[in-house]
Amino acid sequence: MAQFPAALDAHLRQVLDYDVERRQQVVDLQAIDLQNIAELKDDVIKHLDEHVDAFFSYLKEWPEVVGLSAGSAFFDEAVRLKREHLIAMVSGDYGKEYVEQRIAFGIAYSKAGLDARMFLGGFHALLRSLGAQIMEDADAPMLAFDRFTSLKKVAFFDLGIIVDVLIADRESTIAQQQNAIRELSTPTLQIRERLLILPIIGVLDTDRARQLTEGLLSAIRANRAKVVVMDVTGVATVDSKVANHLLQTIAASRLMGADVIITGLSADVAQSLVTLGVDLATLNAIGDLQGGLEEAERLLGYQLVRTDQPAPARASA
Amino acid sequence: MAVTVPILKQGDVLIASIQAALTDRGLIELRDALTAKVGQFRSRGVIIDVTALDVMDSFATRTLRGIAEATKLRGAHTVIVGIQPDVAFAMVKLGLALGGMSTALDLEEGLKALAARQLEARR
Numbered sequence: 001m002a003q004f005p006a007a008l009d010a011h012l013r014q015v016l017d018y019d020v021e022r023r024q025q026v027v028d029l030q031a032i033d034l035q036n037i038a039e040l041k042d043d044v045i046k047h048l049d050e051h052v053d054a055f056f057s058y059l060k061e062w063p064e065v066v067g068l069s070a071g072s073a074f075f076d077e078a079v080r081l082k083r084e085h086l087i088a089m090v091s092g093d094y095g096k097e098y099v100e101q102r103i104a105f106g107i108a109y110s111k112a113g114l115d116a117r118m119f120l121g122g123f124h125a126l127l128r129s130l131g132a133q134i135m136e137d138a139d140a141p142m143l144a145f146d147r148f149t150s151l152k153k154v155a156f157f158d159l160g161i162i163v164d165v166l167i168a169d170r171e172s173t174i175a176q177q178q179n180a181i182r183e184l185s186t187p188t189l190q191i192r193e194r195l196l197i198l199p200i201i202g203v204l205d206t207d208r209a210r211q212l213t214e215g216l217l218s219a220i221r222a223n224r225a226k227v228v229v230m231d232v233t234g235v236a237t238v239d240s241k242v243a244n245h246l247l248q249t250i251a252a253s254r255l256m257g258a259d260v261i262i263t264g265l266s267a268d269v270a271q272s273l274v275t276l277g278v279d280l281a282t283l284n285a286i287g288d289l290q291g292g293l294e295e296a297e298r299l300l301g302y303q304l305v306r307t308d309q310p311a312p313a314r315a316s317a
Numbered sequence: 001m002a003v004t005v006p007i008l009k010q011g012d013v014l015i016a017s018i019q020a021a022l023t024d025r026g027l028i029e030l031r032d033a034l035t036a037k038v039g040q041f042r043s044r045g046v047i048i049d050v051t052a053l054d055v056m057d058s059f060a061t062r063t064l065r066g067i068a069e070a071t072k073l074r075g076a077h078t079v080i081v082g083i084q085p086d087v088a089f090a091m092v093k094l095g096l097a098l099g100g101m102s103t104a105l106d107l108e109e110g111l112k113a114l115a116a117r118q119l120e121a122r123r
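Chain order of the listed sequences is A and B. Counting with my numbering, you get residues 1 to 317 for the letters of the first sequence. Counting with my numbering, you get residues 1 to 123 for the letters of the second sequence.
The set of hints was computed from the structure by calculation and includes no laboratory data. There's no promise every hint is true.
Here are a few chain A residues that face chain B, going by a calculated C-beta distance under 7 Å [said to hold, decoys possible]: (1) Leu212; (2) Thr213; (3) Leu217; (4) Ser218; (5) Arg221; (6) Arg224; (7) Gln248; (8) Ala251; (9) Ala252; (10) Met256; (11) Gly257.
One side only, chain A facing chain B, incomplete, derived with CB under 10 Å [stated by the list, open to error]: (12) Val52; (13) Asp53; (14) Ile220; (15) Ala225; (16) Lys226; (17) Ala236; (18) Leu247; (19) Thr249; (20) Ile250; (21) Ser253; (22) Arg254.
Label pairs and their computed distance ranges (CB to CB) [to be verified]: (23) A:Ser218 / B:Ala115: 24 to 30 Å; (24) B:Gln40 / A:Val203: 52 to 58 Å; (25) B:Arg117 / A:Thr282: 17 to 23 Å; (26) B:Leu73 / A:Val305: 43 to 49 Å; (27) B:Gly66 / A:Glu214: 29 to 35 Å; (28) A:Gly277 / B:Glu69: 28 to 34 Å; (29) A:Leu299 / B:Glu69: 49 to 55 Å; (30) A:Val203 / B:Ile28: 43 to 49 Å; (31) A:Val305 / B:Ala97: 35 to 41 Å.
Even glycine gets a Cβ: it sits at the ideal position worked out from N, Cα and C.
With the rest of the complex left out, here is chain A (with noise of 0.2 Å):
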């Protein structure tokens, strides 16, 4: 069993789960094409490093082709594992295991960051190095073609597996990032007796709305606020959905006694909620963070007073 790195285990299962025989469905591989093939086994053996040797001078052209300079440890293991594939391509079983081997190649090459145009340049190279001496070994050129065909049906077999490990290495790097987003907690932070800060940044989705909705309403418990300034400034666009949720959020606040502030919503913010029709009545909007909190300072009969000036004499109530 090949070793996948953890986090891309769970999208390469999807490709090993794919059904081989269906894979070879795809190809058209049949019973005559393993007969094709087993003709062409000694041959193409015989002739192992000269095709291994195609597929790398081939890469080594390119100037955006690293890593491969002969002698780097890479570099061993990468011809290793190309004889080991020419060897298993002709073996003529093509099962799971096949599969796997595929795969454990598959990501060598992505870790490597071996461009997909390449590496696909280099697997024609090795394809006509086959095809030349294929036909140059048999003795009726239609006869080649048949098996060259047939090797093809393979190659096209392997291609599939590496294309999918490339789309799945690929995703399992989104997914991840999209983790860390995610990860990335909405904090609810108390920066005054009974005043309550709540930034928001990046893209709140349904779910990431109801973490901030829940962990909201239990602060304002837990620390007794009777003012929450919620901060917008970090986030980017607002649709329907999620204006409602923050809309919900509020009024929910209230219902538990304390006041929502909302500031920083940012002009594209603005104009999309006055398209939504979301009903904007209740909001207690101000423009920055910094008027939110003289806001709520205000409301919670607080007064900044600089030192170095004599403070200002007392609103008289």
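Got chain A sorted already, so can you dock chain B onto it with the hints?
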């Protein structure tokens, strides 16, 4: 048998503390008792503590609103206190609004809110 809600008098404020889930009948009884006592004690404020409630349905919401409106007509302002976080959010989700009613975090806050109101009214 409906649970009766104790109504305490604290100065010119009436405090009704709901201890357990109320039946519809219990709610009506609470409404009647509160409107009667507001007149009897010449109260200026009413606090209904719903901390113990983990469900708030449309009937309860409507009745509480009814109490607030009725006591207002009798000269007392009503504050609902102690709505639980999940109750609050469920109410909003279900579209159960408390209308123009006042809410506060807990009993202490509710009393403060009433005191502040009276201070303002006296000015």
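For each hint, the structure was consulted:
1. Leu212: At about 11 Å, which exceeds the 7 Å cut-off, the nearest Cβ of chain B leaves the hint on Leu212 (chain A) violated.
2. Thr213: This hint holds: Thr213 (chain A) lies near chain B, its Cβ roughly 6 Å from the closest one there, short of 7 Å.
3. Leu217: holds (3 Å)
4. Ser218: Hint holds; Ser218 (chain A) Cβ to chain B Cβ min 5 Å, cut 7 Å.
5. Arg221: Result: holds, 6 Å to nearest chain B Cβ.
6. Arg224: With a minimum Cβ separation of about 6 Å from chain B (threshold 7 Å), the hint on Arg224 (chain A) holds.
7. Gln248: holds (4 Å)
8. Ala251: holds (5 Å)
9. Ala252: Holds: closest Cβ of chain B sits about 4 Å from Ala252 (chain A), inside 7 Å.
10. Met256: holds (5 Å)
11. Gly257: With a minimum Cβ separation of about 4 Å from chain B (threshold 7 Å), the hint on Gly257 (chain A) holds.
12. Val52: Not OK, violated: Val52 (chain A) not within 10 Å of chain B, min 64 Å.
13. Asp53: violated (67 Å)
14. Ile220: Cβ of Ile220 (chain A) sits 7 Å from chain B, so the hint holds.
15. Ala225: Since the shortest Cβ distance to chain B is 8 Å, the answer is holds.
16. Lys226: This interface hint holds because 7 Å falls under the 10 Å limit.
17. Ala236: With a closest approach of 25 Å, the Ala236 (chain A) hint is violated.
18. Leu247: Holds: closest Cβ of chain B sits about 8 Å from Leu247 (chain A), inside 10 Å.
19. Thr249: holds (8 Å)
20. Ile250: Result: holds, 9 Å to nearest chain B Cβ.
21. Ser253: holds (7 Å)
22. Arg254: holds (6 Å)
23. A:Ser218 / B:Ala115: 24 to 30 Å: holds (27 Å)
24. B:Gln40 / A:Val203: 52 to 58 Å: holds (57 Å)
25. B:Arg117 / A:Thr282: 17 to 23 Å: The hint (17 to 23 Å, Cβ to Cβ) holds, given that Arg117 (chain B) and Thr282 (chain A) are roughly 20 Å apart.
26. B:Leu73 / A:Val305: 43 to 49 Å: holds (45 Å)
27. B:Gly66 / A:Glu214: 29 to 35 Å: holds (30 Å)
28. A:Gly277 / B:Glu69: 28 to 34 Å: holds (30 Å)
29. A:Leu299 / B:Glu69: 49 to 55 Å: violated (27 Å)
30. A:Val203 / B:Ile28: 43 to 49 Å: Taking Cβ atoms as reference, Val203 (chain A) and Ile28 (chain B) lie about 47 Å apart, which means the hint holds.
31. A:Val305 / B:Ala97: 35 to 41 Å: Since Val305 (chain A) and Ala97 (chain B) have Cβ atoms about 40 Å apart, the given range 35 to 41 Å holds.
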